[in-house]
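Protein chains: 2
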Amino acid sequence: MQDVALLTDLYQLTMMQGYYQNGYENKEAVFDLYFRKIPSGGGYVIAAGLEQVVEYIENLRFSSEDMAYLRGLNIFDEGFLNLLKDFRFHGDIDAVPEGTVVFPYEPLVRVKGRILEAQLIETALLNIINFETLIATKASRVVAAAGGGSVMEFGLRRAQGPDAGILGSRAAFIGGCQFTSNVLAGKRYGIPLSGTQAHSWIQCFPDELEAFRAYARTFPDQCLLLVDTYNVLKSGVPNAIKVGLELEAEGHRFLGIRIDSGDLTYLSREARKMLDQAGLEHARIVASNDLDEHTISAIRAQGAAIDSWGVGTHLITSKDTPALGGVYKLSAEGQKGVFEPRLKVSENISKITNPGIKKIVRFYDRRGKAMADLIALEDEHFEEPLTIFDPIETWKRKTLTDFKTRELLRPVFRGGRRVYELPYLKDIQTYAQHECETLWDEVKRLVNPHRYIVDLSPKLFELRQSLLLEISTKIEEEQTKRLSK
Amino acid sequence: MQDVALLTDLYQLTMMQGYYQNGYENKEAVFDLYFRKIPSGGGYVIAAGLEQVVEYIENLRFSSEDMAYLRGLNIFDEGFLNLLKDFRFHGDIDAVPEGTVVFPYEPLVRVKGRILEAQLIETALLNIINFETLIATKASRVVAAAGGGSVMEFGLRRAQGPDAGILGSRAAFIGGCQFTSNVLAGKRYGIPLSGTQAHSWIQCFPDELEAFRAYARTFPDQCLLLVDTYNVLKSGVPNAIKVGLELEAEGHRFLGIRIDSGDLTYLSREARKMLDQAGLEHARIVASNDLDEHTISAIRAQGAAIDSWGVGTHLITSKDTPALGGVYKLSAEGQKGVFEPRLKVSENISKITNPGIKKIVRFYDRRGKAMADLIALEDEHFEEPLTIFDPIETWKRKTLTDFKTRELLRPVFRGGRRVYELPYLKDIQTYAQHECETLWDEVKRLVNPHRYIVDLSPKLFELRQSLLLEISTKIEEEQTKRLSK
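Chain order of the listed sequences is A and B. The first sequence: position 262 = 261 (numbering that gives the first Met the number 0), numbered continuously. The second sequence: position 163 = 162 (numbering that gives the first Met the number 0), numbered continuously.
Just so you know, these hints were derived from the structure itself, not from any lab. There is no bait here: all hints are sound.
Because identical chains cannot be distinguished in the list, a pair is counted as satisfied if it fits within a single copy or across any two copies.
Okay, derived cross-link-like pairs now, BS3-like style, lysine-lysine, Cα gap no bigger than 27 Å in a straight line: (1) K350 with K318; (2) K318 with K443; (3) K241 with K480; (4) K233 with K473; (5) K484 with K233; (6) K403 with K458; (7) K484 with K473; (8) K480 with K272; (9) K36 with K318; (10) K272 with K484; (11) K484 with K241; (12) K358 with K458.
Input sequences plus hints: build the corresponding full structure.
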């Protein structure tokens with residue numbers, strides 16, 4: 000996260016200059032970052048990316064190179080460029096911790112500050128949160144599909160550029176993957192690495208048996224052999240068993256085999272039998288080959304004998320839904336800390352924004368299971384019994400009693416200073432797992448999950464309705480005036 | 000492309016140590032980087048990413064930090080770590096220039112060198128070429144759909160991490176996009192920038208008219224106004240016309256409007272009429288809102304009055320096909336520059352590799368249209384008349400006469416030294432456009448395109464068949480031996 004000040008859309012800078020020139024330099028605003036739809040047809044989302052947002056904010060300054068480039072564009076005036084030269088983020092940021100389970104319309108990040116600065120950071124915040132949240136969510140699905148089997152992320156070669164590989168690896172770990180093949184991600188984030196040999200290794204030796212023996216000589220205690228270069232059952236498994244027994248005879252423990260093509264259910268079951276007959280019951284079977292949560296689920300349902308899964312393209316790109324679609328919308332504007340709620344109308348009801356400075360409150364039942372969330376105004380408190388209702392299908396009501404609540408947003412920056420301690424990655428992974436345990440299985444179903452309840456508080460609902468009415472009335476009046484001229 | 004040595008999969012390093020420890024330190028190999036399937040159901044692919052590959056190779060060295068990390072993993076011995084410490088790439092690389100039209104199974108990059116080094120670079124090469132080629136190809140489709148209309152790429156907020164935004168912007172420009180919103184991509188690669196204001200700008204002023212006037216004051220000569228914050232036809236367009244006329248009265252030229260929601264066909268046609276009636280015939284209409292090549296095509300077919308297109312998520316992630324799926328396969332191995340062809344078998348015929356050191360020859364007819372490609376062995380020459388045939392459906396034959404040929408691979412590195420001058424990005428864009436012009440329209444159709452002919456030379460075909468037979472005979476013999484024991 001170096002050289003990041005220009006990681007933004009040009010219109011952020013043209014708007015900034017516009018605010019500056021029109022006397023809005025000190026105007027303040029609140030923006031919410033949220034998504035509208037859960038990816039991959041799932042029932043929940045795992046938030047991720049906050050650590051990179053923090054790094055970005057802390058490194059946010061325009062270098063002299065940046066300044067020279069902007070000046071050369073000939074669209075910015077010197078007064079504005081001067082303001083950029085000394086730019087630092089001085090606003091407030093609240094966010095849900097990484098690993099938190101979140102749902103559509105809930106602000107994952109809330110930015111309050113001068114509109115100049117809140118606007119500048121929009122693009123990078125979306126870029127980071129959109130991607131890491133997407134991959135943490137996908138990983139959580141893949142890991143769930145794998146049951147107790149471990150999942151290794153090895154998508155770097157298919158990732159959308161180097162950062163996607165590295166940040167994707169991090170996000171996949173948050174979502175529950177246990178290993179990555181990505182050495183740089185291992186170095187940067189301490190993610191455990193895994194990896195043995197490719198088909199090219201096997202091809203480079205006079206024959207498969209010699210290739211296996213060579214690998215066993217170098218890594219006698221981490222010997223996992225790729226058995227599908229020539230033929231899994233006729234050649235790969237028999238040769239692997241031979242080498243495995245040789246290793247064990249020398250006092251090593253043979254790790255197992257990897258199958259990377261063919262029918263994984265059939266091949267793994269046959270290979271299991273062959274390994275067991277040879278007395279290598281402890282040898283593991285690792286499977287890979289264009290896997291995603293649905294294929295893993297189907298293969299397991301057919302009784303495949305697979306202990307670990309290597310997942311690449313589908314995970315690192317979230318192939319079925321390669322963008323989260325998060326947005327960053329103005330919810331209030333003001334001056335000197337006094338804010339007026341703002342709302343954007345749209346023909347499409349799903350695109351109407353929620354006005355005001357908001358928080359997310361999660362309601363838990365006695366057993367600690369999450370029952371519902373309310374998006375509420377910042378100063379609201381809730382007491383039992385509480386009746387909540389769907390903001391669109393308002394006849395859908397539910398009364399909550401005997402609940403505990405938790406607010407999800409946490410202060411991260413105050414006046415530009417960080418007030419939040421970044422957790423260790425391993426702790427984020429554990430927290431994400433705990434978060435998933437608070438959800439009912441119905442919400443976690445891979446296909447057609449039950450929709451978790453996220454309602455608006457009555458106060459927020461009323462605010463939204465009254466602003467909507469106000470705006471549409473105003474538009475009609477203006478239109479009538481125009482037509483009657 | 001700094002700190003890149005660890006941008007690799009762990010198994011590359013474990014294999015390297017294995018080669019080193021098994022006396023294969025000086026073994027040489029040839030690898031081909033190619034893809035098997037054209038993304039988005041298209042008929043052609045635009046190669047991109049070579050400049051970043053060159054940067055990567057030239058920056059490829061292990062820092063003392065990298066060395067410390069690898070040592071700490073406790074899987075590498077000191078002899079091997081010493082070899083890494085002074086590691087530089089000393090091999091040969093040939094590649095197709097960026098912007099070249101390519102097809103499945105054609106080597107976009109060919110690496111020849113010690114297997115140690117050829118193996119290390121696999122992951123980064125795939126990562127870079129896979130992504131940039133994917134996006135250049137998608138951009139080419141979107142630009143084709145837009146006809147003469149210009150296309151602006153503005154996907155940074157939805158890109159899979161910062162690099163994806165920046166490299167994606169570069170690749171989109173190669174594919175024919177004219178502008179980007181991404182300021183950092185503009186600075187790094189000199190791509191022309193574009194951008195004006197967001198809905199938040201409009202919402203921050205007392206009303207839409209005042210917001211438009213404020214923008215016009217700051218940017219009187221680049222005034223493009225976003226008209227869908229409240230209501231396009233009832234409010235946005237009438238207010239934009241008012242401000243446009245005010246600008247023109249002061250001697251400026253009003254640029255036009257942007258519509259970002261609603262039915263773009265209907266709204267653009269109505270807006271066009273309103274602008275024309277007001278005497279603003281020259282004002283442009285820019286459209287955006289979740290566009291891809293198919294939506295643009297459909298909207299244009301219905302007579303939309305749109306001059307420019309802003310394309311985000313679908314382009315920057317190649318949403319319908321978010322990975323190219325390129326692979327990197329061993330095709331020969333040897334010693335001291337003498338190579339033996341190698342082949343990998345597979346149950347799936349599409350996964351059987353092409354053995355030997357190969358080149359790509361493109362055959363053009365008199366008018367300069369591309370007729371067919373041959374993947375051939377490096378030392379082959381072709382004379383008229385030439386009969387070529389499909390490597391799977393071998394009865395499909397075609398005789399070529401009166402042709403000109405061109406070889407697509409160009410030397411990029413020799414003995415680790417760069418021998419290739421990197422072209423300017425703008426020239427790559429022009430070259431890519433020229434490349435597309437050599438294709439028949441049937442091959443460029445967005446949906447169900449005609450399949451361009453890519454055959455194997457007779458010599459390569461025979462080599463492949465004989466190696467396949469050799470390997471499968473050997474597997475059967477070993478299996479028979481095993482069973483008869």
